[in-house]
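Asks: Chains A and B are the protein sequences, given in the same order. With the numbering used here, the residue at position 134 of the first sequence is 134, and numbering never jumps. With the numbering used here, the residue at position 215 of the second sequence is 215, and numbering never jumps.
Calculated from the structure, these hints are not laboratory results. Incorrect hints may appear among the rest.
[Unchecked claim] Below, simulated EDC-like cross-link-like pairs (lysine to aspartate or glutamate); rule was C-alpha separation at most 20 Å, straight line:
{"hint": "1", "chain 1": "A", "residue 1": "K306", "chain 2": "A", "residue 2": "E245"}
{"hint": "2", "chain 1": "A", "residue 1": "K291", "chain 2": "B", "residue 2": "D380"}
{"hint": "3", "chain 1": "A", "residue 1": "K73", "chain 2": "B", "residue 2": "D164"}
{"hint": "4", "chain 1": "A", "residue 1": "K54", "chain 2": "A", "residue 2": "D253"}
{"hint": "5", "chain 1": "A", "residue 1": "K201", "chain 2": "A", "residue 2": "D56"}
{"hint": "6", "chain 1": "A", "residue 1": "K161", "chain 2": "A", "residue 2": "D174"}
{"hint": "7", "chain 1": "A", "residue 1": "K79", "chain 2": "B", "residue 2": "D290"}
{"hint": "8", "chain 1": "A", "residue 1": "K315", "chain 2": "B", "residue 2": "D380"}
{"hint": "9", "chain 1": "A", "residue 1": "K79", "chain 2": "B", "residue 2": "D278"}
{"hint": "10", "chain 1": "A", "residue 1": "K82", "chain 2": "B", "residue 2": "D290"}
{"hint": "11", "chain 1": "A", "residue 1": "K33", "chain 2": "A", "residue 2": "D66"}
{"hint": "12", "chain 1": "A", "residue 1": "K82", "chain 2": "B", "residue 2": "D253"}
{"hint": "13", "chain 1": "A", "residue 1": "K79", "chain 2": "B", "residue 2": "D253"}
{"hint": "14", "chain 1": "A", "residue 1": "K161", "chain 2": "A", "residue 2": "E186"}
{"hint": "15", "chain 1": "A", "residue 1": "K161", "chain 2": "B", "residue 2": "D380"}
{"hint": "16", "chain 1": "B", "residue 1": "K252", "chain 2": "A", "residue 2": "D154"}
{"hint": "17", "chain 1": "A", "residue 1": "K79", "chain 2": "B", "residue 2": "D164"}
{"hint": "18", "chain 1": "A", "residue 1": "K54", "chain 2": "A", "residue 2": "D174"}
{"hint": "19", "chain 1": "A", "residue 1": "K73", "chain 2": "B", "residue 2": "E178"}
{"hint": "20", "chain 1": "A", "residue 1": "K109", "chain 2": "B", "residue 2": "D164"}
{"hint": "21", "chain 1": "B", "residue 1": "K252", "chain 2": "A", "residue 2": "E58"}
{"hint": "22", "chain 1": "A", "residue 1": "K256", "chain 2": "A", "residue 2": "D220"}
{"hint": "23", "chain 1": "A", "residue 1": "K79", "chain 2": "B", "residue 2": "D380"}
{"hint": "24", "chain 1": "A", "residue 1": "K190", "chain 2": "A", "residue 2": "D154"}
{"hint": "25", "chain 1": "B", "residue 1": "K209", "chain 2": "B", "residue 2": "D380"}
[Claimed, not checked] Away from chain B, derived, C-beta distances all over 12 Å, residues of chain A:
{"hint": "26", "residue": "K33"}
{"hint": "27", "residue": "E71"}
{"hint": "28", "residue": "R81"}
{"hint": "29", "residue": "I102"}
{"hint": "30", "residue": "S105"}
{"hint": "31", "residue": "E169"}
{"hint": "32", "residue": "M170"}
{"hint": "33", "residue": "G175"}
{"hint": "34", "residue": "R188"}
{"hint": "35", "residue": "K195"}
{"hint": "36", "residue": "K201"}
{"hint": "37", "residue": "E245"}
{"hint": "38", "residue": "R274"}
{"hint": "39", "residue": "K306"}
Glycine included, every Cβ here is placed at the ideal spot set by N, Cα and C.
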Amino acid sequence: MNRANLQTRTVAFFASIALLCSVCATPARAESKLQIITATTDLASLAQEIAGDKADVESIARGYQDPHFVEAKPSFLLKLRKADLLIIVGLELEIGWLPPLITQSTNPKIQVGAPGYFDASRLARILEIPTGAVTRAEGDVHPQGNPHYWLDPDNGLRIAKGIQNKLTEMRPGDGAYFAQRYDSFEQRLKQAEQKWLAEMKPYTGRKIVTYHRSWPNFADHFGLNVVGYVEPRPGIPPSPQHTVELIGMMKRDGVKVIAVEPYFDLKTPNAVARETGGQVVVLMPSVGGEKEITDYFKLFDYDIAKLKQAFDATK
Amino acid sequence: MKKLKFLSALVFFCSAAQAQQSPPAPPPSAFTTEDSRVINLEEQVRALAEEVALLRAEVREMRDAKSSRPPSSEPVLLAATHVEPGVLPTATSSSASASVVASSAPAQATQTQTLGGATSNAKLLNPDISMIGDFIGNAGHNSVSPSPSLQLHESELGLQAIIDPYARADMFLSFGEEGVNVEEGYITFTSLPAGLLLKVGKMRAEFGKVNTIHNHALPFIDRPLVTDNLVGGEDGIDDAGISVSRFLPAPKDWFVQGTAQVYRGDSDDVFHAFDRQDLSVVGHLRVYRDLGESTNIEVGGSYARGHNTAGVGSSYNVNNFLTNLYGIDATLRWKPLRRSIYHSLLFRNEFIWSNRNQLSDGTTGFFETQHAFGLYSNADYRLNRRWTIGGRFDRSGLANNAHLTDTGFSTILTYWPSEFSQIRGQYRFGHLADPTTGQYSYANEFLFQFLWVMGAHGAHPF
């Protein structure tokens, strides 16, 4: 009697689940707006530049958040479930949180390798690719290179081109629209780049210290020289010994500017600045880090303005 | 045939070039077909020589352009960007030279090669491999459930990979003190229609929260008393089966997920299958909502049912003894995004009810159902990047004797040298009932744990 009871209950259980599933099968949408989800706000801004009003673009991480440590919240699943295209930074930046989200999204379009899975790092110029043996004695290293590559406008352009191609592939009918959006973006970015380079020209070769290794592409593009880090190794919090060494080096080499990402504690950088007569400047690595940084252009506007201020104040 | 002619022409050209424009042999007086062929060849050679000169100039131009660029120290720029003089097409690749002439093609090819991260070729198609070591020490007094002073409690080998465009697989082998156990090993089908997520294999069942979490990801060293007493101890409900889950329709911004699972019915001390039909089922409903960008709340309801071993050795039919488990879990998380690596709070509670069919006096007596209840309440606060402090309150009846209730509390302090190692201490107090004698005794213990992770970077627990 009990077994029969159990079996009926089992059947009923699954029948009810099946019923629920059939009731709530998502209705097929007509040729509506593309749903683009990006891992970070910078990619969202680039995607928006190209997609214009043909897509809804949303980022999972916020601009003021450490992109290594985003939480895999179920609310992101609701967004990923409906996505047509997922654009990620790659190079294992999102390895701690994105893979389970992709698996659980139950969205075949954005699974790894599917047409809606777009790894922007494939298109960008990547720096700091480790050679030789890679061990975690170096901290939380990224074996495929530094993932903060979007802070070089040239890479922004390359990614935008890739997004244009991808969108054209997904919506061939709007190909001309995306091409025109890209051309406009390229033109505006090239213009802005001239302006930024001119603004940074007086500071070419200036040495700076950064908290995390977020800025190699930025420094490379704008002619800065990153000579030290507040973190002793990537992902390892500052240690007293390393801080002392850093202060010594900064004094010796006359380094005055310490750039810190908005998600790091300012205690150690401030102490270093006090000791060395330098200045801490909170630079934004991503769009949306501050309210006024609403797009990819404003990101560089903001960071360059902040850097100039810091350089001028510490002459 | 044509190719052969072309080749011979090139060979001829090479020798001619070596002869440094030696004057052509005087034309013989009589034109034979042989002679006309030679003249043809000569013309071809001359054309080729012009082409080579053109190519040389182009290559020089390219090389000049390259060398005028500032030298880059990045290892990304491949050696292929520097065209070696030696690679000039000579006698061998005449057809290839045609494509090289298209000046923009090679430039683009070299550029795309400098872009993109390093491909991890060394890894090829191996799965992501990780190994987690879990060393636990125990000191103090506990007469009810003693554990060894020092033990390499568990070494968990994780193998994870994408199987094909439709599925991924995760295998976790745990090497404990008693031997090797497949803790979990399942395939997940990610591309099913109707938003279904199907898992097949051996899995930790979706019963509440703590049952789904691996030892190394727990915010404490041991498992709560309610897990030990009602849900099968350390391994919990962990069995071979099939799991289907799906997002369920919900108001905007609410996340609701239903999971239904069928297992063989063999899970440590909780369930036991005597027959092939003695399957156990597990159902879980998960409701989640963001209360802002830093705060969120999650509530779940769970149900599990399977056969138990209470009837073994009695005159009753063993198939009549069932255990029904009901659970409610509630989790509040707070993590300010700007300081997420420094501060966070997790507050989690689980309530579990167990209805167990058994005999009133071991293998004799009358058929009865024991209604036992247990709970734990855990708060975990991250003080800074390296330190986390936590506390847990435990209270749970015994599954086969609900009149006996264990009570306990723990305080936990965790230090993280990095993301990949963890040192934890836990003080544990217990007022524990001895299931055989029914006598209560106090337990005062200090536990410590060293955890280390090597290999692939796993997902952060949520």
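Asks: Against this structure, judge whether each hint is valid.
Replies: A quick look at each hint next to the structure:
With a CA separation close to 26 Å, the supplied pair K306(A) and E245(A) exceeds the 20 Å bound. Pair hint K291(A) plus D380(B) does not hold up; C-alpha atoms about 32 Å apart against a cutoff of 20 Å. In summary, the hint linking K73(A) to D164(B) is not supported, as the alpha carbons are separated by about 26 Å, beyond the 20 Å threshold. At roughly 51 Å between alpha-carbon atoms, K54(A) and D253(A) are farther apart than 20 Å, so this suggested pair is violated.
Straight-line distance between C-alpha atoms of K201(A) and D56(A) comes to about 38 Å, which puts the hinted pair past the 20 Å bound. For the hint linking K161(A) to D174(A), the alpha-carbon distance of about 15 Å falls within 20 Å, and the restraint holds. At roughly 13 Å between alpha-carbon atoms, K79(A) and D290(B) fall within 20 Å of each other, so this suggested pair holds. Taking the CA atoms of K315(A) and D380(B), the gap is near 46 Å; set against the 20 Å cutoff, the hint is violated.
For the hint pairing K79(A) with D278(B), the CA-to-CA distance comes to about 39 Å; that exceeds 20 Å, so the pair is violated. Straight-line distance between C-alpha atoms of K82(A) and D290(B) comes to about 18 Å, which keeps the hinted pair within the 20 Å bound. Taking the CA atoms of K33(A) and D66(A), the gap is about 30 Å. The hint is violated against a cut of 20 Å. Taking the CA atoms of K82(A) and D253(B), the gap is near 14 Å; set against the 20 Å cutoff, the hint holds.
For a cut-off of 20 Å, the pair hint linking K79(A) to D253(B) stands: about 10 Å separates their Cα positions. Simply put, K161(A) and E186(A) have alpha-carbon atoms about 9 Å apart, close enough for the 20 Å limit, and the pair holds. For the suggested pair K161(A) and D380(B), the alpha carbons sit about 46 Å apart, so the restraint of at most 20 Å is broken. Between K252(B) and D154(A) the alpha-carbon distance is near 39 Å, which puts this suggested pair outside the 20 Å criterion.
Annotation: proposed proximity of K79(A) to D164(B) is violated, straight-line Cα distance about 24 Å (limit 20 Å). Pair hint K54(A) plus D174(A) holds up; C-alpha atoms about 8 Å apart against a cutoff of 20 Å. Distance hint between K73(A) and E178(B) is unfulfilled; the C-alpha atoms sit about 36 Å from each other, more than 20 Å. Only pairs whose Cα atoms come within 20 Å are accepted, and K109(A) paired with D164(B) is accepted, the gap being roughly 14 Å.
Straight-line distance between C-alpha atoms of K252(B) and E58(A) comes to about 16 Å, which keeps the hinted pair within the 20 Å bound. Restraint check: the Cα-Cα separation between K256(A) and D220(A) comes to about 19 Å, which is no more than 20 Å; the hinted pair holds. The hinted pair formed by K79(A) and D380(B) fails the criterion: a straight-line CA distance of about 29 Å is larger than 20 Å. Pair hint K190(A) plus D154(A) holds up; C-alpha atoms about 9 Å apart against a cutoff of 20 Å.
About 15 Å separates the Cα atoms of K209(B) and D380(B), which keeps this hinted pair within 20 Å; it holds. K33(A), annotated as away from the interface, keeps every beta carbon of chain B farther than 12 Å; the closest lies near 18 Å. Non-interface call for E71(A) relative to chain B: violated, since the shortest CB-CB distance, roughly 6 Å, does not exceed 12 Å. For R81(A), the shortest C-beta to C-beta distance to chain B comes to about 6 Å, within the 12 Å cut-off, and the non-interface label is violated.
The claim that I102(A) lies off the interface is violated: its Cβ sits roughly 8 Å from the closest Cβ of chain B, which falls inside the 12 Å cut-off. Consistency note on S105(A): stated as away from chain B, yet its beta-carbon is not over 12 Å from all of that chain's, at 8 Å minimum. For E169(A), the requirement that its beta carbon stay farther than 12 Å from each beta carbon of chain B is met, with the minimum near 17 Å. The claim that M170(A) lies off the interface holds: its Cβ sits roughly 18 Å from the closest Cβ of chain B, which is beyond the 12 Å cut-off.
The claim that G175(A) is not at the interface with chain B holds, since no C-beta of that chain comes within 12 Å of its own (minimum 21 Å). The non-interface label for R188(A) is consistent with chain B: the shortest C-beta to C-beta separation is roughly 22 Å, beyond 12 Å. The non-interface label for K195(A) is consistent with chain B: the shortest C-beta to C-beta separation is roughly 22 Å, beyond 12 Å. Chain B leaves K201(A) outside its interface by the beta-carbon criterion, the shortest separation being 15 Å against a cut-off of 12 Å.
The non-interface label for E245(A) is consistent with chain B: the shortest C-beta to C-beta separation is roughly 19 Å, beyond 12 Å. A cut-off of 12 Å between C-beta atoms confirms that R274(A) is not in contact with chain B; the least separation is 21 Å. The Cβ of K306(A) lies farther than 12 Å from every Cβ of chain B, with a closest approach of about 17 Å, so its non-interface assignment holds.
In the structure shown, a violation is registered for the earlier hints numbered 1, 2, 3, 4, 5, 8, 9, 11, 15, 16, 17, 19, 23, 27, 28, 29, 30, in ascending order.
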